[in-house]
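Read in my numbering, the sequence shown has 158 at position 158, and its numbers run on one by one without any break.
Hints are computed from structural coordinates only; laboratory data are not their basis.
Some hints could be false.
Unchecked claim - Here are the computed distance ranges between Cβ atoms for each label pair:
1) Leu91 to Glu31: 42 to 48 Å
2) Arg106 to Asp64: 36 to 42 Å
3) Asp174 to Gln94: 28 to 34 Å
4) Ala128 to Ser93: 15 to 21 Å
5) Ala142 to Asp174: 15 to 21 Å
6) Arg102 to Ala142: 32 to 38 Å
7) Glu25 to Ala72: 35 to 41 Å
8) Gly45 to Ala114: 30 to 36 Å
9) Arg175 to Gln133: 18 to 24 Å
10) Glu98 to Gln133: 17 to 23 Å
11) Ala114 to Glu25: 57 to 63 Å
Quick reminder that beta carbons are idealized off the backbone N, C-alpha and C, glycines included.
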Amino acid sequence: MREQIVKLTEQADARSAALEADAAEKQRAIEAEDRAYWQDTGAAGDEAGLRAYVTRFPDGIYADVAAERLRAIDAARMGEAEAADRAAWDLASQEQTEASYREYLRSFPDGAFAAEAQASIDALGAEASQGDQVAAWEAGEAALGLGTGGRRAIEGRLDALGLKPGKVDGTFDDRARRAIRRFQDSRGMEPTGYLDQTTTVALLAGAVLRLGD
Numbered sequence: 001m002r003e004q005i006v007k008l009t010e011q012a013d014a015r016s017a018a019l020e021a022d023a024a025e026k027q028r029a030i031e032a033e034d035r036a037y038w039q040d041t042g043a044a045g046d047e048a049g050l051r052a053y054v055t056r057f058p059d060g061i062y063a064d065v066a067a068e069r070l071r072a073i074d075a076a077r078m079g080e081a082e083a084a085d086r087a088a089w090d091l092a093s094q095e096q097t098e099a100s101y102r103e104y105l106r107s108f109p110d111g112a113f114a115a116e117a118q119a120s121i122d123a124l125g126a127e128a129s130q131g132d133q134v135a136a137w138e139a140g141e142a143a144l145g146l147g148t149g150g151r152r153a154i155e156g157r158l159d160a161l162g163l164k165p166g167k168v169d170g171t172f173d174d175r176a177r178r179a180i181r182r183f184q185d186s187r188g189m190e191p192t193g194y195l196d197q198t199t200t201v202a203l204l205a206g207a208v209l210r211l212g213d
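Model the full structure from these sequences, guided by the hints.
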């Protein structure tokens, strides 16, 4: 019985040794293939080769080296992207036109300055709309045909109301425009700072009524 146990143990040991030898041989073959593939791909250091290596040997001999080099490549690319983003934004903000901001967004829709570019586009649109509105107000005021005398009368009325239109000279400067806005606002009118028929009638009618008193 004892001899049988010893024999079985020896057989088991021999089998184990054979398996270990076979495993070691397979490991050497894998490592040889790993090293050869590294030389063919990742050793050159280019991104394509490094990615090919880690795809085939994610736990390979050079996996850590490949991962580190890929991180460096990604960081460099990020730096280049940030620099390009900044350069494109600098150009757009120097031109300060809707076209330049839209070109930035086309190139960098998710760029660091995308929100600012869109805000600038919106602001320019609002300015253009405001410009059109001001032109309409100016045209409406001109259509009244007040002349210098009429404008002086308006300024005099504003001055009498304590709205500080500045010099009563028939020229509507910034102070006069501000006084008109104050008058309009106090009467529930849209405070445009430009005369229309309603504002003019309200101002001059007040002057007539005051003279009548």
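Hints and how they fare:
1. Leu91 to Glu31: 42 to 48 Å: violated, 53 Å
2. Arg106 to Asp64: 36 to 42 Å: Cβ of arginine 106 to Cβ of aspartate 64: about 40 Å, so the range 36 to 42 Å holds.
3. Asp174 to Gln94: 28 to 34 Å: Since aspartate 174 and glutamine 94 have Cβ atoms about 29 Å apart, the given range 28 to 34 Å holds.
4. Ala128 to Ser93: 15 to 21 Å: Given a distance of about 18 Å, which is inside 15 to 21 Å, the answer is holds.
5. Ala142 to Asp174: 15 to 21 Å: holds, 18 Å
6. Arg102 to Ala142: 32 to 38 Å: holds, 35 Å
7. Glu25 to Ala72: 35 to 41 Å: holds, 36 Å
8. Gly45 to Ala114: 30 to 36 Å: Roughly 34 Å apart at Cβ, these two residues keep to the hinted range, so it holds.
9. Arg175 to Gln133: 18 to 24 Å: holds, 21 Å
10. Glu98 to Gln133: 17 to 23 Å: This hint holds: roughly 18 Å between Cβ atoms.
11. Ala114 to Glu25: 57 to 63 Å: holds, 58 Å
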